[in-house]
Amino acid sequence: MSRPGDSLPGAWIGGIGLLGPGLHDWPGGAAILAGEASWVPTKTVLSAPERLPAAERRRSVRVVKLALTVGLEAVTAAGADASSLATVFSSSGGDGHNCHLICETLASDDRQVSPTRFHNSVHNAAAGYWGIATGAMAPAAVLCAFDGSFAAGLLEALVQVSVDRVPSLLIAYDADYPEPLRAARPVPDAFGTALLLTPQPGPAHFGHIRAGLTTAAADTLANPALDALRRAIPAARSLPLLAAIARGEPGPIVLDYLDHARVAVDFTA
Amino acid sequence: MNPLLISRYTATSCLGRGIGPMRDALAAGRSGLKPCDLDGVALDTWIGEVAGADDEALPPQLRSFDCRNNRLAQIGFEQDGFADAVRNAKARHGADRIGVFLGTSTAGILETELAYQQRDRDSGALPANFNYAGSHNPFSIAAFVQAAFGLGGPANVVSSACSSSAKVFASARRMIEAGLIDAAIVGGVDSLCLTTLYGFASLELTSRHACRPFDLGRDGISIGEAAAFALLERVSEPLADDAILLLGVGESSDAYHMSSPHPEGLGARRAMEAALAAAGLAPGDIDYINLHGTATPSNDSAESKAVRALFGASTACSSTKGATGHTLGAAGGVEAVIAALALRDGFLPGSPNTCDPEPDMNYLLASRSAPVRRVLSNSFGFGGTNCSLVIGRAQ
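Chains R and Y are the protein sequences, given in the same order. In short: position in the first sequence from 1, add 41, done, that's my numbering. In short: position in the second sequence from 1, add 265, done, that's my numbering.
Check before you lean on any hint, since a few could be wrong.
[Claimed, not checked] Covered stretches of chain Y (chain R as the covering partner; in silico rule of three or more C-beta atoms under 8 Å from a C-beta of chain R):
| # | stretch |
| --- | --- |
| 1 | 413–425 |
| 2 | 442–449 |
| 3 | 452–464 |
| 4 | 511–524 |
| 5 | 528–536 |
| 6 | 644–656 |
[What the hints assert, rightly or not] Computed far set for chain Y versus chain R, every beta-carbon distance over 12 Å:
| # | residue |
| --- | --- |
| 7 | K432 |
| 8 | D506 |
| 9 | P548 |
| 10 | P562 |
[Said to hold, decoys possible] To spell it out: a stretch of chain R is covered by chain Y in this simulated footprint if at least three of its residues, at any positions, have a beta carbon under 8 Å from a beta carbon of chain Y; those stretches are:
| # | stretch |
| --- | --- |
| 11 | 52–64 |
| 12 | 148–154 |
| 13 | 165–179 |
| 14 | 201–212 |
Derived from the structure by calculation, the hints contain no laboratory data. Glycine residues also receive a C-beta, built at the ideal position from the N, C-alpha and C atoms.
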């Protein structure tokens with residue numbers, strides 16, 4: 042675990058994106074997470090951003106639409122230039138529907154996999170489409186840490202900001218799996234969030250965070266339905282942090298990460 | 266950036282287990298590729314297979330991770346004293362001060378492909394023993410390695426197609442620099458599966474021969490499998506003269522196309538420039554470039570333009586994929602190990618199967634002895650993800 046006195050990697054939060062069941066964007070989601078509005082869970086509606094060229098828009102799969110939507114929301118809200126930003130894409134898996142169709146084809150007598158389906162199967166599909174949509178030639182980290190993928194992405198982005206002194210856009214996202222994969226990987230719906238992290242405070246920032254490892258248990262949400270969402274979709278493991286930001290409540294927040302370690306986030310509004 | 270010590274390294278591929286057989290094959294210009302004879306695969310292509318990968322048994326307490334990819338990982342980290350070096354590092358630094366950052370493109374997806382072939386005829390269900398977390402999920406390889414060594418530090422998998430196991434060096438470098446850890450296991454493991462064999466075939470990117478990187482008649486890749494590992498630590502004095510260091514890492518994105526590189530190699534050039542800048546070096550300081558060199562017409566063309574634009578025509582270079590095949594998510598790690606071998610033993614690797622190389626490059630057909638102080642290793646992938654490493658000798 043982090044040693045006492047170690048300086049932990051930290052960053053300012055310059056913009057936030059959010060999309061999930063009954064959570065249509067950050068302003069609306071923040072009101073729900075702050076307890077100012079009630080949560081009405083409805084299935085997440087995904088659409089490909091206009092910023093993608095028409096051909097890519099047609100080809101984009103669910104996780105691509107999700108990642109680009111929340112990423113662009115965070116960047117636009119912060120008034121940042123997406124083309125210059127280093128990015129961290131973190132997801133617990135690729136697109137479940139695309140994977141299902143490939144595995145079904147490979148188990149059939151005709152194993153002709155569609156080229157588009159194959160290139161959409163790479164874990165970095167969202168990063169590739171993001172680059173095409175925004176023109177960003179900056180580095181893109183593409184991570185997976187199973188159910189701890191949000192925390193893994195948060196650590197990576199914070200370390201980028203702290204060490205390289207550059208802004209870093211974290212995009213964490215997961216979408217549902219169809220049967221029969223769903224029985225083995227029961228992710229029920231799509232949830233994504235994006236945090237634009239910067240080394241210096243922007244004009245309208247949401248506060249400052251620092252993070253390190255801990256053995257403490259992950260925080261839960263007071264609203265049982267929202268806590269069920271937190272547990273059901275890996276990217277929604279971010280909700281305790283998003284709730285603290287929405288409430289402007291300073292303090293340590295513990296997020297799910299690995300079997301043997303969690304990530305403790307020190308948030309100051 | 267501050268250099269890091271690559272205190273131990275190993276690679277297992279179709280050339281054999283560990284760095285001894287790899288070094289011998291590279292010196293002799295021997296390829297490990299063969300016509301594809303995988304069970305049930307009807308493709309006219311060549312592969313680089315690790316012999317005996319399916320015969321490896323994981324320890325009973327790690328059986329939930331059983332899949333070809335993790336078996337290959339275990340074979341890999343048992344070579345060249347790597348596992349002992351990790352245990353020593355654990356004793357020195359503490360289990361929670363060692364990170365695990367590994368690259369893969371498809372992890373153990375072969376298990377899912379096989380499970381789909383065994384779906385219940387009535388319900389469509391996968392077999393009851395199918396374990397998604399331990400095999401299919403990209404993170405399974407890092408979770409497996411972390412569990413195998415009882416490590417408690419940060420861990421993730423980088424899965425950015427064919428740059429994956431080069432980019433893990435960047436992640437580890439930042440984590441060490443940030444003070445979150447003192448050492449990191451990096452590298453990559455990727456194993457043969459139907460998704461990549463049939464997927465690359467559908468894109469018409471696989472060759473019907475053993476691949477011929479940078480040959481004017483090149484016509485596609487040969488897919489291979491491999492496990493490569495390196496242990497990264499902070500540099501502490503005194504440093505042995507023959508110590509191998511990570512001097513620079515450079516990353517970029519093409520922002521161009523999902524499955525074709527930028528035709529002028531702009532992203533590739535940015536990654537190489539960034540790696541040189543991080544190392545504080547000029548192009549003339551590089552003795553050898555291990556090219557990404559997949560042997561597809563468009564990849565090699567883009568890379569040759571980028572290399573010529575930055576280095577001119579004199580820097581010695583080659584792709585070693587004619588020997589190992591393209592090991593996809595493990596390629597960056599394998600080629601970092603080849604760079605370390607070239608530095609340690611003073612040789613420039615040649616390029617088996619290539620006969621008629623691109624003009625205006627110092628492209629090496631055969632291996633030869635030469636003093637080597639600094640190597641640039643390129644790894645570029647689908648979705649326009651690029652990473653270059655600069656690896657060098659301490660003296």
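For each hint, the structure was consulted:
no. : hint    : result
1   : 413–425 : holds (count 9)
2   : 442–449 : holds (count 4)
3   : 452–464 : holds (count 4)
4   : 511–524 : holds (count 9)
5   : 528–536 : holds (count 3)
6   : 644–656 : holds (count 5)
7   : K432    : violated (7 Å)
8   : D506    : holds (29 Å)
9   : P548    : holds (20 Å)
10  : P562    : holds (16 Å)
11  : 52–64   : violated (count 0)
12  : 148–154 : holds (count 4)
13  : 165–179 : holds (count 12)
14  : 201–212 : holds (count 4)
This entry does not satisfy hints 7 and 11, going by the numbered hints stated previously.
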